[in-house]
Amino acid sequence: MVNTEDFSKRLHKILEFYELSAAGFADKIEVGRSSISHILSGRNKPSLDFVMKVIKSFPEVELYWLLNGKGSFPPSGKPIAPQEAIKDTSSTLNHQENSSPEKNEMPFSFSKSGKSKPIRKIVIFYQDGTFEAFEN
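With this note's numbering applied, the sequence shown corresponds to residues 174 to 309, in that order.
One or more of the hints may lead you astray.
Unchecked claim - Capping the alpha-carbon separation at 27 Å, the derived lysine-lysine pairs in DSS-like fashion look like this: (1) K294 to K201; (2) K201 to K182; (3) K186 to K226.
Derived by calculation from the structure, the hints in this document are not laboratory data.
Kindly generate the complete structure, drawing on both the sequences and the hints.
The structure is reproduced here in structure tokens:
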């Protein structure tokens, strides 16, 4: 389960690194500004859709680090200039939006054994016994 307070701290780290305000970040990942405010304050937990928008908009952010704090940000290796990363991401997104995927092509894939497999469905089980399912 994602710790809301720790997730908020990691989100703040992303905002600082990219030199973005909460409003600018919300615009960049195309979510409502109130959503960012509620997540940063710890009032709301991030949804799967929110997390995936962050990962899609900022590919340098590792999913496992964002959710669990394991790993590092920014990624070790070659340093990323904040403004360059934002510019590169927006050109990548524009290219993806303009390309027409095949009917059965999935936008995300998962690789545990080195072979990439398309994701068909994600199910999140909560400790209170409820669950949510997301299908592509």
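Against the structure, the hints come out as follows:
no., hint, verdict
1, K294 to K201, "holds (26 Å)"
2, K201 to K182, "holds (19 Å)"
3, K186 to K226, "holds (17 Å)"
Violated hints for the displayed structure: none, as all numbered hints are satisfied.
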